[in-house]
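S.K.: Could you put together the complete structure from these sequences and hints?
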Amino acid sequence: MTGTFAYTFDTPAFKATGKVITSVAAGSSKDVDIAVDVAKKAYKSSWGLKVPGTMRGKLLHKLADLLESNITEFAALESLNVGKWPDNSLERPSGKMITAFELANVVVPQLMVAWKFGPALATGNTIVLKPSEITPLTAMRFTDLVMEAGFPPGVVNIVNGYGPTVGQAIILHPLIEKVAFTGSILVGRKILKASSESNLKVVTLELGGKSPTIIFDDADLGQAIECAASGIL
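The numbering of the sequence shown is my numbering, which starts it at 24 and goes up by one.
Keep in mind that the hints were calculated from the coordinates and are not lab data.
Using 30 Å as the maximum straight-line C-alpha spacing, the simulated DSS-like pairs for lysine-lysine come out as follows:
hint, residue 1, residue 2
1, Lys67, Lys139
2, Lys213, Lys139
3, Lys224, Lys213
4, Lys63, Lys139
5, Lys216, Lys53
6, Lys201, Lys139
7, Lys53, Lys139
8, Lys53, Lys67
9, Lys139, Lys64
10, Lys63, Lys85
11, Lys85, Lys73
Keep in mind that this is a model prediction, so the values were computed, not measured.
M.R.: This is the structure we're talking about:
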């Protein structure tokens with residue numbers, strides 16, 4: 024897909040250094056049309072009812088094995104995505120304790136991909152994914168593993184870009200039958216409105232701030248951070 028993209032955008036600066044990480048190919052509504060067309064053809068010719076559930080399961084297990092075998096690389100990429108060091112320590116290099124939000128945030132972008140990919144692929148659906156323009160790196164690398172695992176071309180499609188362009192094209196597209204979104208309440212309302220004005224897509228939303236936590240002075244800080252992070256996830 025990257026060869027069709029007309030322009031690029033810079034990822035946000037890595038929080039630890041303040042430097043831009045890289046430029047990422049960005050799509051437009053035309054690229055969404057291409058991705059949907061490819062996904063539709065794959066569903067009818069090499070996926071969906073053409074592939075039994077046992078085979079889909081084998082491919083998903085192989086994908087999981089590949090992700091596990093490349094976990095160090097994904098930890099590094101996710102750290103670039105969100106700005107947390109790729110280790111299991113609760114201490115920054117400066118010795119200051121990280122916050123619960125940072126502890127949880129180190130895994131969130133790739134979790135978003137996994138949560139949405141797994142059920143969709145297991146049930147024989149094809150996917151057009153727009154990662155966050157803030158944290159696109161792990162999703163892009165993940166598609167390499169999808170191909171390596173043996174999923175047919177067109178089953179998984181990534182279109183990077185911004186919400187008002189790529190996101191808007193996805194939620195209004197007449198051939199997309201379901202949208203799953205994690206983000207703000209404002210954008211969630213726009214998605215519901217777009218669904219009602221297009222083809223009444225099925226919509227799954229995970230929105231807004233959540234899991235507020237009050238930690239008292241006498242708390243076990245390590246345990247409190249772990250519990251707060253689990254609540255966010």
